[in-house]
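Chemist: The residues making up each chain are set out below.
There are 2 protein chains.
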Amino acid sequence: MSMRIGIMGYGNLGKGVELAVKCAPDAELVAVFTRRDPSKLQIKTPGVPVVAAAEAPQWKDKIDVMIICGGSATDLPVQTPEYAKYFNVIDSFDTHAKLPQHFANVDAAAKAAGTTAIISVGWDPGLFSIARAYANAVLPNGKDYTFWGKGVSQGHSDAIRRIKGVKNGKQYTIPVQAAIDRIRSGETPDLTTREKHTRLCYVVPEEGADLARIEEEIKTMPNYFADNDTTVKFITEEEFVRDHSGMAHGGFVLRAGATGENGETKHLIEYSLKLDSNPEFTTSVLLAYARAAYRLAGEKKFGAHTVLDIAPTYLLPSSAEEQRAHLV
Amino acid sequence: MSMRIGIMGYGNLGKGVELAVKCAPDAELVAVFTRRDPSKLQIKTPGVPVVAAAEAPQWKDKIDVMIICGGSATDLPVQTPEYAKYFNVIDSFDTHAKLPQHFANVDAAAKAAGTTAIISVGWDPGLFSIARAYANAVLPNGKDYTFWGKGVSQGHSDAIRRIKGVKNGKQYTIPVQAAIDRIRSGETPDLTTREKHTRLCYVVPEEGADLARIEEEIKTMPNYFADNDTTVKFITEEEFVRDHSGMAHGGFVLRAGATGENGETKHLIEYSLKLDSNPEFTTSVLLAYARAAYRLAGEKKFGAHTVLDIAPTYLLPSSAEEQRAHLV
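Keeping their order, the protein sequence lines are chains R and A.
Letter by letter, the first sequence follows residues 1 to 328 in my numbering.
Letter by letter, the second sequence follows residues 329 to 656 in my numbering.
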């Protein structure tokens with residue numbers, strides 16, 4: 001039983017879903033939808049049509065799950081509730097503060113239409129949320145830590161590029177190894193923002209720009225850099241393209257907890273990811289949850305869900321019997 | 329809403345559940361059941377009755393979940409289906425090869441009685457099964473590795489103690505760091521038993537025993553030690569009691585996988601546990617799944633389940649809204 005996948009939006013995520021479908025034994029790509037001119041978009045899978053986003057509703061009965069590959073700031077708050085009217089949908093909405101509102105909007109649309117939606121899928125939110133949930137459930141007396149990196153933060157890179165005199169820029173978030181080592185050694189420190197991550201910025205300046213001012217503006221920028229130890233390196237456009245086009249990322253979720261009469265017995269749960277490509281991994285997660293949405297829809301479990309609402313068994317192409325025999 | 333917990337069997341696991349109930353905001357211990365003479369058993373929680381196992385059926389309406397703390401070899405195959413006639417039940421059945429049969433037996437009993445059972449709960453099987461399932465789902469093109477230790481293997485310790493001239497013995501399973509490092513560095517090696525774990529045995533010999541023979545018998549024992557690099561150390565009974573009474577354990581689940589057009593993009597998922605007390609951690613997991621069983625029973629989802637069938641949300645005392653706000 002193959003699930004028929006649609007991709008809404010063909011950026012890094014859309015391209016990643018296309019690759020992930022190829023690796024899956026039970027998925028086929030039916031169409032890619034775009035807000036651009038479809039005739040100008042070349043995709044990698046031969047024979048799969050590129051369709052104008054506006055025509056998506058006509059594909060209602062030809063697609064089992066639509067994976068919405070837009071951005072969280074402006075695309076997904078509109079797109080996910082909209083397409084939930086026609087399709088089972090998956091998105092990677094990652095604005096934590098607005099998650100309850102997004103969930104409510106998608107839930108209302110999906111329940112009205114009789115579709116299944118899973119939102120905020122990926123690795124954080126996503127697999128890291130799951131790691132936090134399990135760790136909290138088994139060690140209620142404990143403390144969570146999430147570290148990101150080494151990897152590019154899009155938001156921080158954007159902030160650098162908004163500075164006058166900056167032609168291009170990229171920001172790497174780097175976890176502080178000493179902090180991770182302290183937790184691994186059994187401590188449960190209260191860590192400041194500065195103690196958890198450092199920030200490394202590669203900046204291509206415009207010709208004649210005041211480098212000292214740019215560096216100062218970055219390092220003192222509130223919310224983004226002022227609370228971290230930040231390093232700024234100026235490089236050429238050539239170096240930028242050559243050395244900083246990668247999309248590697250990763251991170252760590254740790255929970256240090258205690259059990260026993262007086263909390264004298266210590267335990268450490270650690271979950272970590274080391275990813276050569278953030279979008280390719282994220283979309284592999286999206287596709288696994290597309291499988292879950294497809295099955296939940298078959299069970300008439302309509303409305304919005306997060307990864308915490310989905311049992312692991314729904315993510316796998318194998319049967320429950322095979323899973324019990326080989327994975328449990 | 330507090331769930332009323334019963335403990336069947338008061339060994340290391342039963343004692344651990346008793347501690348875990350104290351840490352949980354939503355659980356209370358109602359009774360401990362034993363096959364021993366109840367009047368001779370002293371438990372730690374004041375005011376909680378110790379009851380003969382034979383009287384358990386009379387507690388049918390006073391207990392929401394019975395956590396069965398017996399052994400997998402002979403206790404659980406009988407006890408779990410038996411008590412599923414009266415209670416929602418949790419067990420830690422860990423004989424992988426017999427899991428399908430055990431599942432079927434418990435499923436039949438629970439469905440007939442209208443109860444909910446979750447079997448094979450703990451960390452392996454249990455949290456490690458979950459880690460394997462998620463990792464397989466998101467990286468279908470990849471390879472799994474599970475390492476155990478450093479920690480005591482009860483089966484291997486028993487095997488040592490059956491040797492003539494051995495008064496006492498304990499065996500530590502130790503993961504080979506070099507193997508883990510290879511996987512972490514991006515390799516996906518085929519590892520033999522010998523390349524994955526070493527075995528370290530502490531043996532208290534009987535007076536006048538032939539130490540060379542004992543060491544040889546251990547190191548060449550098929551299935552248990554012959555396929556590993558095994559070290560045997562002879563110690564006194566005093567040293568044994570002083571240094572080898574701990575129950576620390578842990579382990580690692582790794583999945584190295586690839587995405588991309590030609591599998592050129594590499595990813596590594598790692599889940600690890602470092603536990604001061606194997607039974608106290610295991611029972612913390614049992615209690616989290618007791619919460620899930622209680623809720624599933626409320627939804628009339630009767631029959632047997634494994635951890636792969638349970639969504640993370642069921643394990644937490646918080647509401648789905650709180651989870652979306654703080655954990656996703």
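Simulated from the structure, these hints should not be mistaken for lab results.
Hints may be right or wrong, so weigh each one.
Said to hold, decoys possible - The calculated lysine-lysine pairs, modelled on DSSO-like cross-linking and capped at a C-alpha distance of 27 Å, are:
1. K111/R - K98/R
2. K274/R - K478/A
3. K372/A - K301/R
4. K266/R - K602/A
5. K350/A - K196/R
6. K426/A - K390/A
7. K390/A - K111/R
8. K143/R - K602/A
9. K143/R - K413/A
10. K15/R - K628/A
11. K547/A - K492/A
12. K602/A - K274/R
13. K547/A - K300/R
14. K44/R - K594/A
15. K628/A - K602/A
16. K266/R - K390/A
17. K274/R - K60/R
18. K471/A - K150/R
19. K390/A - K274/R
Chemist: Determine for every hint whether it applies to the structure shown.
Modeler: We went through each hint and held it up to the structure:
This hinted pair checks out: K111/R and K98/R have alpha carbons roughly 20 Å apart, not beyond 27 Å. Distance restraint check for K274/R and K478/A: the Cα-Cα separation of roughly 24 Å lies within the 27 Å cut-off, and the hinted pair is therefore satisfied. Restraint check for K372/A and K301/R: the C-alpha separation of about 44 Å exceeds 27 Å, so the hint is violated. About 9 Å separates the Cα atoms of K266/R and K602/A, which keeps this hinted pair within 27 Å; it holds.
Between K350/A and K196/R, the direct Cα distance comes to roughly 33 Å. Violation of the 27 Å bound is thereby established for this hinted pair. Simply put, K426/A and K390/A have alpha-carbon atoms about 32 Å apart, too far for the 27 Å limit, and the pair is violated. For the proposed pair K390/A and K111/R, the alpha carbon gap of about 38 Å is over 27 Å, so the pair is violated. Pair hint K143/R plus K602/A holds up; C-alpha atoms about 15 Å apart against a cutoff of 27 Å.
In summary, the hint linking K143/R to K413/A is not supported, as the alpha carbons are separated by about 39 Å, beyond the 27 Å threshold. With a CA separation close to 42 Å, the supplied pair K15/R and K628/A exceeds the 27 Å bound. Taking the CA atoms of K547/A and K492/A, the gap is about 14 Å. The hint holds against a cut of 27 Å. Between K602/A and K274/R the CA atoms are separated by roughly 20 Å; this keeps the pair inside 27 Å, and the hint holds.
Among the hinted pairs, K547/A with K300/R is inconsistent with the structure: their alpha-carbon atoms are about 57 Å apart, more than 27 Å. The suggested pairing of K44/R with K594/A holds, with an alpha-carbon distance near 20 Å, which does not exceed 27 Å. Pair hint K628/A plus K602/A does not hold up; C-alpha atoms about 36 Å apart against a cutoff of 27 Å. This hinted pair does not check out: K266/R and K390/A have alpha carbons roughly 33 Å apart, beyond 27 Å.
Our distance criterion of 27 Å between C-alpha atoms is broken by K274/R and K60/R, whose separation comes to about 37 Å. Of the pairs offered as hints, the one joining K471/A and K150/R holds, with about 24 Å between alpha carbons and a cut-off of 27 Å not exceeded. Distance check on the hinted pair: K390/A and K274/R sit about 48 Å apart at the alpha-carbon level, beyond 27 Å; violated.
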